[in-house]
Amino acid sequence: METPNCARGTAGASDISGRLLRWAACVARMEYGPLIGVKAKQFTTLVDAMLRRSHGLAVVLALSLAAVAGCRDAGPQPSPAGPLLFQDVTAQVGLSFVHDAGQPGDYFMPQIVGSGVALFDFDNDGRLDIYLVHNAGPSSKSTNRLFHQEKDGRFRDVSAGSGLDIAGYGMGVAVGDINNDGWPDVLVTQYGGSRLFLNKGSGTFTDITRSAGLDLVFWGTSASFVDYDRDGWLDLVIVHYVDYGPDRPCTDIGGRREYCPPKAFPGTIAKLYHNLGSASGGRKPPVANKQGAYAPRSPVRFEDVTLKSGLGKKPGPGLGIVCADFNGDNWPDILIANDGQPNYLWINQHDGTFREEGLRRGVAYNAEGQAQANMGIALGDVDGDQRFDLFITHLTEETNILWRQTAVGRFQDRTAVSGLAATRWRGTGFGTVMADFDCDGAPDLAVVNGRITYGKPPESAIAGADVELGPFWRHYADRNQVFLNYGRGTFLDMSPANIPFCGRPGIFRGLACGDIDNDGALDLLTTCVSGPARLFRNIAAPRGHWLLARAIDPALRRDAYGAEVTVQAGGRRFKRWLNPGYSYLCSNDPRLHFGLGQADHVEVIEVLWPNGDAEEFHDVKVDQAIELRKGSGKPRSPNQPEA
Amino acid sequence: MTSAIPTPPAANPQRSALRRRGLVVVLLLLLAAGAASWWWYRHTRVMTPPVADLEGIDPAVAAVITKERQAVLAAPRDASAWGRLGEVLELFNFRKDARVCLMQAERLDPEQPRWPYHQGFLLLWDNAEEALPHLRRAVELEDRQHAGPAGDAMRLRLSETLLTQGHLDEAEESFRRLLKRDVLNPRVHLGLGRLAMQRQEWKEALSHLQQAAADKRTIRAATLALAELYEQRGDEPAAAQARVQQEKLPLDPSWPDPFVDEIQRFNTGKRTRLMQADQLFKQGRTAEAIAQYGQVVKDYANSDEAWFALGQALYRAGDFASAQRTLQKTVELKPGYAEAYNYLGLTFVAQEKREDAAASFQKATELKKDFGHAYFNLGRCRLEQKNIPAALDAFRGAVRSMPNYAAAHTALAELLHQIHQDAEALDEVRQALQLSPEDERAKQLREKLKAKK
Chain P
224 METPNCARGT
234 AGASDISGRL
244 LRWAACVARM
254 EYGPLIGVKA
264 KQFTTLVDAM
274 LRRSHGLAVV
284 LALSLAAVAG
294 CRDAGPQPSP
304 AGPLLFQDVT
314 AQVGLSFVHD
324 AGQPGDYFMP
334 QIVGSGVALF
344 DFDNDGRLDI
354 YLVHNAGPSS
364 KSTNRLFHQE
374 KDGRFRDVSA
384 GSGLDIAGYG
394 MGVAVGDINN
404 DGWPDVLVTQ
414 YGGSRLFLNK
424 GSGTFTDITR
434 SAGLDLVFWG
444 TSASFVDYDR
454 DGWLDLVIVH
464 YVDYGPDRPC
474 TDIGGRREYC
484 PPKAFPGTIA
494 KLYHNLGSAS
504 GGRKPPVANK
514 QGAYAPRSPV
524 RFEDVTLKSG
534 LGKKPGPGLG
544 IVCADFNGDN
554 WPDILIANDG
564 QPNYLWINQH
574 DGTFREEGLR
584 RGVAYNAEGQ
594 AQANMGIALG
604 DVDGDQRFDL
614 FITHLTEETN
624 ILWRQTAVGR
634 FQDRTAVSGL
644 AATRWRGTGF
654 GTVMADFDCD
664 GAPDLAVVNG
674 RITYGKPPES
684 AIAGADVELG
694 PFWRHYADRN
704 QVFLNYGRGT
714 FLDMSPANIP
724 FCGRPGIFRG
734 LACGDIDNDG
744 ALDLLTTCVS
754 GPARLFRNIA
764 APRGHWLLAR
774 AIDPALRRDA
784 YGAEVTVQAG
794 GRRFKRWLNP
804 GYSYLCSNDP
814 RLHFGLGQAD
824 HVEVIEVLWP
834 NGDAEEFHDV
844 KVDQAIELRK
854 GSGKPRSPNQ
864 PEA
Chain H
66 MTSAIPTPPA
76 ANPQRSALRR
86 RGLVVVLLLL
96 LAAGAASWWW
106 YRHTRVMTPP
116 VADLEGIDPA
126 VAAVITKERQ
136 AVLAAPRDAS
146 AWGRLGEVLE
156 LFNFRKDARV
166 CLMQAERLDP
176 EQPRWPYHQG
186 FLLLWDNAEE
196 ALPHLRRAVE
206 LEDRQHAGPA
216 GDAMRLRLSE
226 TLLTQGHLDE
236 AEESFRRLLK
246 RDVLNPRVHL
256 GLGRLAMQRQ
266 EWKEALSHLQ
276 QAAADKRTIR
286 AATLALAELY
296 EQRGDEPAAA
306 QARVQQEKLP
316 LDPSWPDPFV
326 DEIQRFNTGK
336 RTRLMQADQL
346 FKQGRTAEAI
356 AQYGQVVKDY
366 ANSDEAWFAL
376 GQALYRAGDF
386 ASAQRTLQKT
396 VELKPGYAEA
406 YNYLGLTFVA
416 QEKREDAAAS
426 FQKATELKKD
436 FGHAYFNLGR
446 CRLEQKNIPA
456 ALDAFRGAVR
466 SMPNYAAAHT
476 ALAELLHQIH
486 QDAEALDEVR
496 QALQLSPEDE
506 RAKQLREKLK
516 AKK
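Read top to bottom, the protein sequences are chains P and H.
As numbered in the numbering used here, residues 224 to 866 make up the first sequence, in order.
As numbered in the numbering used here, residues 66 to 518 make up the second sequence, in order.
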């Protein structure tokens, strides 16, 4: 990989004039991006011969070129060169969805918060389907869309009659099987009341919000299903944003109408709902009907345990969520990203209550002790130490933060040393995923951006893309970013080389990740305020070996949310954590993806199940999708939880 | 007979080389002249100042921007005029246009440090790494010319940016230069402490952070960093103590930066003036604040925002009749203003006009279905009117909209107890005590309910 360093000159330059010329060419290439970069490189080669004849000429040429390139303003930058990771296949797969954010210029705050997406297999046919959310209000004709992936990889709109074709100020989606019938159910968060839908197993869903005892009046954003009490039934945690009043006018400092900042309103509490399971109290498995669909023995019921659990004690402008075991005690905890306020890390006390320990564990503030505009969350082990790290997106004027887990349950802001502070460009980050795009064994990063305040739109690297949003929304557009982890948690900005994913300005919000075409490489799906959803197929080459694992508890007939899976291959250990609720307003592929690099065989797979049981699986080949079924592995003693 | 074919004269290798050299010299001279012309053109050409998009802008702000732009047009080679326009545009968030002006100011006056400094400051919003060359240049110029306290502010910003961007060695050197001039500077100690933490040099970090924590200007930030330091060192009791301490501390005051502060002289417009009035009110200068709000209302007679701000201030100052009139004007201008209806209700309550108050609160809840405070106020109104069913509905609405508001749970519990629905009352009082364990009213009610049970 070519990585010129303009400050030092390209290796091999033996004299001052040569260095000057190469430096100037390098600056010119950086200034004008990858396209001119090729020309500048050729130019550098061509003039090499000239250099031998006249050093003076080289000096003058170098200075002139540098002046043209505006080198006075160019600091040292990473190379724009790098592999192309994604290809936009939206049209190719027939995914046609343009987000409706309502009337432009309303300055109705939910518009700018955007809407998310779910990647899930609603009909259990082994292929990921897509559920996309609109945001134009309950009286709008724009209803949320459900797309079914056909055998040929194309998507068919099956919204009509699905029950999910609802209109509202839609925000996020969470997916989980709440009644353990084997069919994934759906929660849609909204401004003005979220809604819960039960998958009937026939491609249709029923709204059970009221009957399930959910009283959802707040402005819901991200949400996640988590079995916090380890009773086998997925509970629900919904993050809420602010107590917004649309009547309050907000302006920027110049007096121009603008979307309100979160600080204009009080934050609200996240709500935790305990799944009561079978109302009859038993945990008997549900029975299948004639079509093979499982019907619960009794209606699904949730109890609001927000206050009892402690979550009600701390309101905040919540946007992002991740549920995982943060302190190594084998009980799931809850991290909530707050916009402009310290993050909350609710540590499970094993008795139905939680204690907020964000500050204690180092994730409340950044290294400067500042609470930033925390939005989307990605989770993964960037440095291969078997402990997950966190990446949280922020505003342009802030920095997206990488918190490394330096010891079990202890996090430190290591953004600068990871190469993530000095990026080619910045944006206001929302959705983010940590996933191994090139299957080299080190999780990479993708971030989608979009402004929240009016500004000059960035130039588009794709012809015509900048006018796609229209005259109002284009002023809120930003470009996405992608970073490759080249081992031990150090990242290189690959955004300029990835024009399909990063070159198109948009007001991006949701970013979902999953292996849509089941080829062992993780694909990306983005949502955009008032713009089209886009599907990006992973075309990274070369890629390493891989494994796609689904961890299932057969007794519960569902994915084992909360399971921790470690693959040992080629002498390295790769660890993943199962919960599809991460990024921003999104639900992702519940399968765990492992990039294995050069390792061509798996030595062992260890699974720590949510209830604390541990098993290991042997004789697994690489480059395949597998199912890890609880009870079918060899039991092993789990790691001792933290004292 | 042989005929001699004339042969061309043999090339003189010396002459040829001489000609080539001459050509190279001429080419060189031409290129040098071209480069010099280009340099001259770039540095002295007269530019037209950018035209900021003023659509929707406050007229007062637009006037300031236009005035400074006119000044540039009148004196296009005046660095100060360009700089002032850049500063005004910077203040009102026209950052890209501001940068253009500041770059031109720097071209015209390359020795003035404030122009690269402002460019760097602007770039901090978009890309801190790109800001660094500008900040370095500003610091260098300032050091060369003045080396005074203003330069320290510049160097401090440079040092902190270097630290954030991970240039630890350069950041350390920069911080240490500041320390040489002001050995007690708490902000420098805070920076050095954080830097040492990044390097996991705990002893060094502790020393600096303790010094920073001893100064009221940096006590909160330093205490927070100390909590993390103790955590990293495994000293949980000290970390817990530091966390408790920092939660009780007010925010550290913002650090003065004369170059940034001075651009505030251009600040104007409705929003700024309302904020200034808010500040006066917070400082207890009520009469001055109300006068300022009044002036804004006069200048922006159709601004519901300004009328509402004045109404709120009058209510808080105890002038309920004036507040009522002002808030009525607000809802006249903006009939859907739920918050204004809530405040209007409060002015009626203060004047003991219960029926009007209830109507206002009711309207607020109709406009905003999850308006917890309006439900709560409505409940209290209905209770005083002895309308128990309506009060019960309102308090239930308050609890539903504000489940973390202990007073709403207590009020609902009391009412439920009054109508002998003790089981539900006990549930509500328990929730109130979960949120506010020391609430005396709730505690008494719980005891009463338990005894009855």
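In short, the hints are calculated from the structure, not lab data.
Please note: incorrect hints may appear among the correct ones.
[What the hints assert, rightly or not] Pairs of lysine-lysine residues, derived as DSS-like cross-links and limited to a Cα-Cα distance of at most 25 Å, are as follows:
| hint | chain 1 | residue 1 | chain 2 | residue 2 |
| --- | --- | --- | --- | --- |
| 1 | H | Lys245 | P | Lys531 |
| 2 | P | Lys423 | P | Lys486 |
| 3 | H | Lys434 | P | Lys537 |
| 4 | P | Lys536 | H | Lys508 |
| 5 | H | Lys399 | P | Lys531 |
| 6 | H | Lys434 | H | Lys399 |
[As the list claims (entries may be wrong)] Residues from chain H shown here face chain P by an in silico Cβ test under 8 Å; the list is partial:
| hint | residue |
| --- | --- |
| 7 | Asp123 |
| 8 | Ala193 |
| 9 | Ala472 |
| 10 | Leu500 |
| 11 | Pro502 |
| 12 | Arg506 |
[To be verified] Footprint (simulated), chain H over chain P, 3 or more residues, beta carbon under 8 Å:
| hint | region |
| --- | --- |
| 13 | 478 to 488 |
| 14 | 588 to 594 |
| 15 | 615 to 623 |
| 16 | 711 to 724 |
| 17 | 850 to 861 |
No residue lacks a Cβ here, since even glycine has one placed at the ideal position from N, Cα and C.
Structure-based check of all given hints:
Taking the CA atoms of Lys245/H and Lys531/P, the gap is about 55 Å. The hint is violated against a cut of 25 Å. Under the criterion of a C-alpha separation no larger than 25 Å, the hint pairing Lys423/P with Lys486/P is inconsistent with the structure, at around 41 Å. A hinted pair counts as satisfied when its Cα atoms are at most 25 Å apart, and Lys434/H with Lys537/P qualifies at roughly 22 Å. Of the pairs offered as hints, the one joining Lys536/P and Lys508/H holds, with about 18 Å between alpha carbons and a cut-off of 25 Å not exceeded.
About 40 Å separates the Cα atoms of Lys399/H and Lys531/P, which puts this hinted pair outside 25 Å; it is violated. The suggested pairing of Lys434/H with Lys399/H holds, with an alpha-carbon distance near 18 Å, which does not exceed 25 Å. Hint status for Asp123/H relative to chain P: holds, with the closest Cβ pair at about 3 Å, below 8 Å. A cut of 8 Å between beta carbons decides the hint on Ala193/H: the least distance to chain P is about 7 Å, and the hint holds.
Interface restraint check for Ala472/H: the shortest CB-CB distance to chain P comes to about 14 Å, outside 8 Å, so the restraint is violated. A hinted interface residue such as Leu500/H counts as satisfied when its beta carbon comes closer than 8 Å to some beta carbon of chain P; here the least separation is about 7 Å, so the hint holds. The interface hint given for Pro502/H is violated, since its Cβ lies 10 Å from the closest Cβ of chain P, which is over the 8 Å cut-off. Checking Arg506/H against chain P: minimum C-beta separation of about 18 Å lies over 8 Å; hint violated.
Counting residues of the region 478 to 488 of chain P whose C-beta sits closer than 8 Å to any C-beta of chain H gives 3, which meets the bar of three, so the coverage hint holds. Coverage of the region 588 to 594 of chain P by chain H holds [criterion: at least 3 residues with CB-CB distance below 8 Å; count 4]. A count of 3 residues in the region 615 to 623 of chain P with a Cβ less than 8 Å from any Cβ of chain H is obtained; the coverage claim is therefore met, three being the minimum. Check on the region 711 to 724 of chain P: 0 of its residues sit with their Cβ under 8 Å from a Cβ of chain H, so the three-residue criterion for coverage is violated.
Counting residues of the region 850 to 861 of chain P whose C-beta sits closer than 8 Å to any C-beta of chain H gives 0, which falls short of three, so the coverage hint is violated.
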